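Residue numbers (the numbering used here), protein chains in the order written: chain X, 1 to 212; chain W, 1001 to 1301.
It is worth saying that the hints were derived from the structure and are not from the lab.
Quantities reported herein were computed from a predicted structural model and do not represent experimental measurements.
Think of the CB as a built atom: it goes at the ideal place given N, C-alpha and C, for glycine as much as any other residue.
Errors might be hidden in some of the hints.
Okay, derived cross-link-like pairs now, SDA-like style, lysine to any residue, Cα gap no bigger than 25 Å in a straight line [to be verified]:
#  : chain 1 : residue 1 : chain 2 : residue 2
1  : W       : Lys-1016  : X       : Ala-45
2  : X       : Lys-126   : W       : Ala-1115
3  : W       : Lys-1291  : X       : Lys-190
4  : W       : Lys-1221  : X       : Leu-166
5  : X       : Lys-158   : W       : Gly-1258
6  : X       : Lys-172   : W       : Gly-1017
7  : X       : Lys-190   : W       : Glu-1040
8  : X       : Lys-174   : W       : Asn-1297
9  : W       : Lys-1221  : X       : Lys-134
10 : X       : Lys-174   : W       : Asp-1032
11 : X       : Lys-142   : W       : Ser-1021
12 : X       : Lys-126   : X       : Lys-207
13 : X       : Lys-188   : W       : Pro-1077
14 : W       : Lys-1016  : X       : Gly-184
15 : W       : Lys-1294  : X       : Leu-166
16 : X       : Lys-134   : W       : Glu-1040
17 : X       : Lys-150   : W       : Glu-1218
18 : X       : Lys-188   : W       : Gln-1015
19 : X       : Lys-174   : W       : Gln-1217
20 : X       : Lys-134   : W       : Gly-1258
21 : X       : Lys-118   : W       : Glu-1218
22 : W       : Lys-1256  : X       : Leu-166
23 : W       : Lys-1016  : X       : Gln-168
24 : W       : Lys-1215  : X       : Asn-163
25 : X       : Lys-188   : W       : Asp-1080
26 : X       : Lys-172   : W       : Asp-1233
27 : W       : Lys-1221  : X       : Ala-45
28 : X       : Lys-150   : W       : Glu-1214
Simulated coverage check for chain X against chain W, where a stretch passes if three residues somewhere in it have a Cβ under 8 Å from a Cβ of chain W [as the list claims (entries may be wrong)]:
#  : region
29 : 42 to 56
30 : 190 to 201
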Amino acid sequence: MSDMGSVAIEKYRNNNYRNNFLHEVEAHVEGGEWVKMCMQCGVCAGSCPLGPHWAHPPQEIFMMIRAGKREEVLTSDSMWMCTSCYNCIVRCPRGLPITHIMHGLAHYAHRLGLAPEKQPTREFAKLFWDNITKNGRANELKMGLSLYFKDGFGSGVKEAMKNKALGQAMMKTKRMNPMEFFGGHGVKDKSGLHAMLAKAREIEDAKFEQGK
Amino acid sequence: MAKKEYSFYPGCSSQKGASASNLQTSVDAMCDALDIQLNEIPDWNCCSASIGYGEGGELPRIALSARNLALSEQHNPGQDLVATCAACWLATREASERLRGSDQLMAETNQALAAAGLNLEPAKPQRVRHMVEVLIEDFGFEALGEKVQKPLEGIKIASYIGCQTNRPFGIDGESFENPVYLDKLVDTLGGDTIPDYETKVQCCGGALMFSEPEKSQELVKGILEAAHDNGADMIVTPCPLCQMNTEVYQDQINAKHGTSFNMPVVYYSQLMSVAYGKSAGEAGLDGQIIKARKLENIAGK
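So here's chain W without its partners, still in its complex pose (with noise of 0.2 Å):
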């Protein structure tokens, strides 16, 4: 198969030394085993993401994603832009989406790109995509399963998807309540999948695990709890976000309620990675807080 190409947006938390700095690190090993290439686009921006809006208005926040636009457009034409994450992948969608919906919109927009020396072509627009609808739709479930070396045998693994990656957009073919394309991923990589995991779909708090730590870490309680009681050895996530507020602060969650979890959460890209015979280091799993060993075992046979 011909190597595939594409424009790609990383985002501040995939940055070195950032906090999802394991899932660029797996995504880069993951991209190596399926011959992607991923063409970074030059100076790109944050998307302010989903909290962005208390301060920035509407123009200000589509700016900032119409000039990763823009940038991605110009070095990387003909190319679909990717991104690994959640709300990078979400603003900048809704942003292109919004931008091609209203000339006024697009008229406002490139009056401010102007001033920082850009163009956006609103007749020529870059599918926006996650990179789940690379692998599903451009390889297929087939495919990837033809590159396993080693089958994650023995390990439970609880597929949680969040929400960013599955509203308002979602993966093209997948429901809202129920997808099941991480089910089918692990058990195309030969992981056990818990199809009846209750909280798929819940809520982790978002970015509201700074301002509201309380209630967030009740929604991580939720999480993290149904992962244990239908027996998952780790939880695995398409989402920076998510993957943070559900494994970093269990052990606060621990402290206040007295439980004992002690849960790892991984990367679909550090699942295909190990899978795919890349070393634990390649996977990214030095990045977990909470070790998971099971998949730490089977990259060291």
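In isolation and in its complexed conformation, chain X is listed as follows (with noise of 0.2 Å):
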């Protein structure tokens, strides 16, 4: 091509032939590099128990990614959706391991800082997540309160209240122990997975700068 053809595209580049969205997922989500395989035919949206509540099905999600809609697949609270039941998993035809990559997707966005803020499943997932990793193993009484307690004091008590009766049902029955508070149970090596962690999170944050 002439050095004049070469000027001329330059100046009116917009890449779009790059779909840059796209290929984003793929570089940066879980299972991302699947996303170009579904076929569109909605056995994943019609399999999902909680098909009712997405804005977005998993297969709308493929396309809008496949379109470009970075914004609104990023910002939806669709993937917070997902209760991990695998259903989509072992029907799609196509093979996409379709959970992961919900999770993917939502990992992705609440890590940009692009999730819905005070989507309540990201806000669990994080309270989980902080809840686990600090002793090593669940602290389900502190999860229930902190769960309770997450918008603030007096909205946390009326939770607290309303789920009274299920919580002495479960301190009679021994299935919850209110020593939890305290302690409770815990890996005895804490700083052995605390530095496992860093270290895993460190190789993950250096793979994400070096791909952007």
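From these two lone chains plus the hints, build me the complex, please.
Next comes the structure, spelled out in structure tokens:
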């Protein structure tokens, strides 16, 4: 091509053939390399237990990714409706690991700070991770309490009262222990566990920066 | 038959004072009757379950399971790793398969494990199995039936398998849409089955019971209704989260919908413990919020 031709191409370049968002998802989202395989049959949407509550079922999310709708996808609360039932995975005729892709998209949106604020499953997922990594094992009592009190003391008391009978029944059957409040179960090698998680995060962060 | 030994991953909810402590009680009784020795993985950690993905990236989550795999291989070499919790089993098996399928992931994970003084041998994976697989494959229904002392006569039981014991891996040889092993087990123990139980593999909401209680309780309502409509005396499940979600919110569902559900939900290991002649206490039946009276009666005979 002549130099003049190249100059004109640079002048009007918009890069739309690159489909940037699909490439971004393929590079950064767990299972993202599978998105382009979706054939839009909708079996996933029809198989999802929370189907009625999604703004965009999985096959729609996949098409939106291919259409470059970055903001609509990453700010959507749809992925956060996944209950991890794996129905979509075993039924997908193309073998897409849909559950993992939904988890991957939710995680990516959370990490970029684009996931909807106050999305209840996003909030719970963060509480859960912080809870289990603190001592290496779940502290169910604190998990419940931190969920009730996530929006402050007033609403926390109200939530706790609403679930009072349930808590009492759990304690009576020895399936909840009030002493967990003062420590509870955990691994012995906490420092090793924390060092391991920090290292894993460091490796992942470095790859993330590199792939930008 | 010689004693069978397994490396055991009980998981958070099976600990003392935790939500599925009665599962562990009954698993201990069942294993005693079957002469199974469970060697707990020393210092095991949480698998991060199905909701860890929000904050935890792929590598930190894989590292959590890899730590358990490494500890298991180190302390219980040559044994299969067995879990009783659906989420524990799924996460551990998933991690093991992903690690063995990718040299890069294995290398990165070992870098993280090294920070905890651990290492995973790529070449010698332990099999990661669900307790139900051990019962079906290493014993078989016939052998399980031979141990029955008190048949569960006159109890009609809805087999609720749920999601994560069934998908994406499931029990070898079973279908995703209509797995029948729990029905076979109930039959083996002398109980009455409901082969056409419509919500056998229906989701209970999983971890979203905590974040989206209304949507999840709607799902549980269907599971209870189907059991009720089929004349079930109780529901049996292999999964600790299914058990909790379907049992403990019945009051709240009743209050909201004007229903009157009072359906006991027990573990397969509780049915087996009672049928094998263990006491109600040994079978963990004191852990039921909705008492499984018909099972208690047989245990008390």
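Against the structure, the hints come out as follows:
1. W/Lys-1016 / X/Ala-45: violated, 40 Å
2. X/Lys-126 / W/Ala-1115: Given pair X/Lys-126, W/Ala-1115 holds - Cα atoms ~24 Å apart, limit 25 Å.
3. W/Lys-1291 / X/Lys-190: Given that 25 Å is the threshold and the Cα spacing comes to 38 Å, the pair is violated.
4. W/Lys-1221 / X/Leu-166: holds, 17 Å
5. X/Lys-158 / W/Gly-1258: holds, 22 Å
6. X/Lys-172 / W/Gly-1017: holds, 10 Å
7. X/Lys-190 / W/Glu-1040: holds, 18 Å
8. X/Lys-174 / W/Asn-1297: holds, 22 Å
9. W/Lys-1221 / X/Lys-134: It is violated: about 35 Å lies between the C-alpha atoms, which goes past 25 Å.
10. X/Lys-174 / W/Asp-1032: Roughly 22 Å between the alpha carbons, so the hint for X/Lys-174 and W/Asp-1032 holds.
11. X/Lys-142 / W/Ser-1021: Within the cut-off at roughly 17 Å; holds.
12. X/Lys-126 / X/Lys-207: holds, 22 Å
13. X/Lys-188 / W/Pro-1077: Holds - the C-alpha atoms of W/Pro-1077 and X/Lys-188 are around 21 Å apart, at most 25 Å.
14. W/Lys-1016 / X/Gly-184: holds, 10 Å
15. W/Lys-1294 / X/Leu-166: Cα-Cα ~23 Å, so holds.
16. X/Lys-134 / W/Glu-1040: Roughly 22 Å between the alpha carbons, so the hint for X/Lys-134 and W/Glu-1040 holds.
17. X/Lys-150 / W/Glu-1218: holds, 24 Å
18. X/Lys-188 / W/Gln-1015: Status holds; Cα separation ~15 Å.
19. X/Lys-174 / W/Gln-1217: With Cα atoms ~23 Å apart, X/Lys-174 and W/Gln-1217 stay inside 25 Å; holds.
20. X/Lys-134 / W/Gly-1258: With a Cα-Cα distance of about 41 Å, the restraint between X/Lys-134 and W/Gly-1258 is violated, given a limit of 25 Å.
21. X/Lys-118 / W/Glu-1218: holds, 22 Å
22. W/Lys-1256 / X/Leu-166: holds, 15 Å
23. W/Lys-1016 / X/Gln-168: holds, 17 Å
24. W/Lys-1215 / X/Asn-163: holds, 17 Å
25. X/Lys-188 / W/Asp-1080: holds, 24 Å
26. X/Lys-172 / W/Asp-1233: Distance ~23 Å between X/Lys-172 and W/Asp-1233 Cα, so the pair holds.
27. W/Lys-1221 / X/Ala-45: holds, 21 Å
28. X/Lys-150 / W/Glu-1214: holds, 18 Å
29. 42 to 56: holds (count 3)
30. 190 to 201: With 9 residues closer than 8 Å to chain W, the region 190 to 201 of chain X meets the three-residue bar; holds.
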